[in-house]
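Q: Take a look at the letters that make up each chain.
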Amino acid sequence: MNGRQAVRDLGMGVRFAFTGGREGWMRVLLTAVGVGLGVALLLLTTAIPSALSARGARSEARAYNLYVDQQMPKADNTLIIARADTTFRLDEVSGGELQPEGARAPLPPGIDRFPAAGEMFVSPALGRLLTSGDGKLLRDRLPDRIVGTIGDNGLVGPAELAFYRGADDLAGRINGGTVSRIDRFGDLHPTSEKMDPVLILLTLVVFLVLLMPVGVFIATAVRFGGERRDRRLAALRLVGADSMMTRRIAAGEAAAGAGVGLGFGVVFFLIGRQAAGHFNLFDVNVFPHDLNPTPALAVLVGVAVPVAAVLVTLLALRGVVIEPLGVVRTARPPRRRLWWRLLMPLGGIAALYPMIGQGRDSGRFNDLLVITGVTLLLIGVTALLPWVVEATVARLASGALSWQLAVRRLQLSSGTAARMVNGIAVAVAGAIALQMFFSGVAGGYTTPSDLDLTQAQMAVDTPDSVSVLSAGRQLAGTEGVRKVIVMSRGSVGEKAKDPEKNLELTIGDCATLRVLGRLPSCRDGDLFTVRGTDYDEPGTLQLVKPGHKLYVSPSYTRTVRPSVAWTVPGTVQQADAMDDPSGTVHGGILATPGALPERVMAQAAGTILISLDPEVADARDHVRNTVARFDRLAEPVTWTSSTRAKQFETIRTGLFVGSACVLLLIGISLLVSQLEQLRERRKLLSSLVAFGTRRRTLSLSVLWQTAIPIGLGLALSSVVGLTLGYVLMRMTNTAVHVDWAAVLTMTGIGGGVVLLVTALSLPPLLRLMRPDGLRTE
Amino acid sequence: MTAPQTAPPGSLLVARELHKAYGTTSALDGADFSIHPGEVVAVMGPSGSGKSTLLHCLAGIVPPDSGSITYNGREMAGMSDAQRSHLRRTEFGFVFQFGQLVPELTCVENVALPLRLNGASRKEAERAALTWMERLEVDDLRRKRPGEVSGGQGQRVAVARALVTGPRVLFADEPTGALDSLNGERVMELLTEAARSTNAAVVLVTHEARVAAYSDREIVVRDGRSRDMERVV
Amino acid sequence: MRIVVCMSIGHTLLGLLESGPRHGYDLKRAFDEKFGHDRPLHYGQVYSTMSRLLRNGLVEVDGIEAGDGPERKRYAITDAGVTDVQRWLATPEKPEPYLQSTLYTKVVLALLTHRNAGDILDTQRAEHLRMMRVLTDRKRKGDLADQLICDHALFHLEADLRWLELTAARLDKLALVVTSR
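Chains as they are written, first to last, in this note's numbering: chain S, 1 to 777; chain R, 1001 to 1233; chain G, 2001 to 2181.
Isolated chain S, as found in the complex (with noise of 0.2 Å):
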């Protein structure tokens, strides 16, 4: 047998593959549409660690330092810089104030001028989002005039939102917090980037979930028409090619599918790599550009992924003899065993278990241990699969007439049943295990338990700019705001100047200091001091007595003001300590405004709370439209943290349809041998409904022929998944809970997909069972 023989057969298989009508055809394009995803996934792979380092590298070129002890003097190379960071809805928009001090002051990259006072420079996105409709009440806040656009290696990805503006009067404001005066932009002091050990080891089971259905899906997908295409190698035996030979043709046409798969890989890529500029996963979004990969594992993946495919077909055969005469199935096969097939998933949690309790802290999981444990977890699957498909059909006992039929069928050949429902087991399982450990990550970041959200949902520090109770009412008079809870805070001490004793100064009228403290009763000019704090220092509260001269610095905020002399006046109630809806004691002293001096109440920094009207959905775009009026610098907090779990929700939302599309696709492969096997029983069909056979009873029993193997699979992936997510919890120490939703809806889909078959089957099936099928004439 020399080469050219061999290149023969294999061009011969080529030619069978395009030329064997619906079928062929069907069997090329899903074992393309396999082999498609499968590269395309891989070589997205390959390319995050370029996209990241891209991103890594451009954030730190136009990073800047804020906080320092010292400030340097101005100078010709110096710029003020202001950081003026906003949300809108649930977006961040990263903003940086500049205000040039000389003609070589640097440019942050991006922009090719300094805007002036009044103009603006913005990401492509956030430009988007201002002229659009949707983005009038961010432009309330950011009004300046849009003078040009960031460029891309100013922005670490294409939906960042940011804007650079000019300034003209942050000279005085410069505070070695929020606003300082910088010479150059860069991080001075580059840590090699660090991903987070959680985020990397997610990333990696998301890939590997996603990847193992769909090489299981390729398996599936190649041996499509697996009959017809053996009883034409069986012709081809007859008239006188060897067993090698068909062998070749066979692995041509497999070729042939992976090779068109290839084709398909690489535009899934790049439809990929354009889709990824609009998703925004953690805030992470690349640009194209930014996904190059590596030139020698994308090779390597072109070449290895069609092999596998091809690697496949062949075990495939492995147990087929093809005769002259027929093919012939090597005899039954020895019943199922057990052992080996517990080996696979226990073999992988002994891979994952030393690696539990680890948590995030101690660095980087072991990527080799983490991919060998999950792959022979879910791998652990489809061994376990047949298995339980046979001893459990073996054991069904027999019932209504279409469940007979059903679980005769199954008993009969429950390899391909179980081989059929192999890859939505798989994807289910990966998916469970994914949500779950998603929702445990989640519930990690999401809202601290001592804000009592119900009370208010935003507070803000009130900038010096505007008085405590101006803003109070302006607040208040927001749209979307329900109450606010304002309160002015000091310091009272012995003596006008560095007080040796300091006590905490709350100011509000009675509705705020009820919500404070406990109080005993209250009137306007009432006064109390705060019993039961975890501070309280012994005998400060003795300052407190009427008639004692004391001294209120309203110096709470960062700007230097001068105390004010005040007399405890006549009677001071005790009232206990309490939390606030923030969570914080407060200690010290509770007043209304009428106990203090005017003076005090005017100059006095404070925070308000702000309770939100739930109806109203941009509310908090309406406060901080207000808040930024006060002072551009301002930025309200926003206790809910329903940013992160937006960011959760993205996620799972992805997963979700991610998995759907996968399971989707597996079931097209599942209707497509659903329904080669309903063309081949289209005589027995036909009889059966000749003797009066329902079709309600046949339809059944095609219903359950899918669903008792599905079933089967979800109920063995479920635990799977369960027991995946549980040991990848453990691992990232984070409490465990069995997310049911996440089970539910998972093996909901997989249940969808069976009624999808099953429905999209029916047609066929109800024409097969026409009399015509009877006609053999």
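Read the hints as simulated data drawn from the structure, not as lab findings. Just so it is clear, the structure is predicted and the values come from calculations on it, not from any experiment. The beta-carbon is built from N, C-alpha and C at its ideal position, and this holds for glycine as well.
Simulated restraints, written as ranges between beta carbons of each label pair: (1) R:1193 / G:2043: 53 to 63 Å; (2) S:413 / G:2104: 52 to 62 Å; (3) R:1198 / G:2163: 34 to 44 Å.
Partial list, computed: chain R residues near chain S (C-beta under 7 Å): (4) 1061; (5) 1085; (6) 1088; (7) 1089; (8) 1094; (9) 1100; (10) 1104; (11) 1105; (12) 1114.
With chain S fixed as given, assemble chains R and G onto it according to the hints.
A: Positioned in the frame of chain S, the structure of chains R and G alone reads:
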């Protein structure tokens, strides 16, 4: 070819002026038919003449485009699909050339199938099935699957299945078509004997004269028209 | 056998006359052309047959032409002759092996005389099947020897029947060939 004749009195199943077309090809073009209880009528004719279509119409598997079929005095034209299915389940039995046994069911389960369709319990259906398998000398195959028995055995299992409900009409479409002559004749002998013993009428579609020789009467279908050979002379 | 053949020659010649009066020599030529492929008729056979038919009143002499050869009588069929042909054609042959030649003659004649050849075949078919039923019945009740003897006959009859079917299916073609000559 011949003018519609009045059916002989006492006919169980009578068809008149049947027309049936599949698309543009006409399969039946004015065919007549009648059969008595206990009578074996062979339907012969060249391939494509419409003899199978005649059988399908008579059995209520396909409705004719026009013409009337009365079974036991009831007009079948007006029956719904469900009613016709019910008729087939309860009054008719079927034997086909091949591809009729459910491969995944054992032989006894196959024979019991029509009874189960009628709602019989599994036990009682399989007991009745076994009696018929004994009569057709295939009771030793009860645990085997159709793939494991020979063609002649399988066909006898099929005959047992056709007779298990005690049908009044047995429709056999080339029942020996896939068998050698010896096996074919054995099947025909058992089939006609069993039918006679239960007074079932047999509509026997065949293209083999030696099979047709088991009938009492012969009808030839040509170009969709039937001809009763008894009335030729 | 021989008688059968003679009988059929008489009927055949009669049938050939149905299309119009002919000379004895024409008759022989027509017969040879249509039926006598490998066994042309002797003129003497024609002569003796015609005289028998003349004697039985089935044909009559239409005219005599004097010529240099033997006398040339022109024969025409009588009504009785037509009836005789009709009866002969309608009577099925006893199902026996090797009767195709007779059947073939009958079919061709029927086509030539625009009678229904299909009916002839069907009649024969019914007769054959009747015989096969008898044999099948005998076989069922008889011993092995009976079965073997009956089977032999059945297989032969079946072959005839197949020929009948084949011919029935090709009647139109045959009619075209026969009448065009």
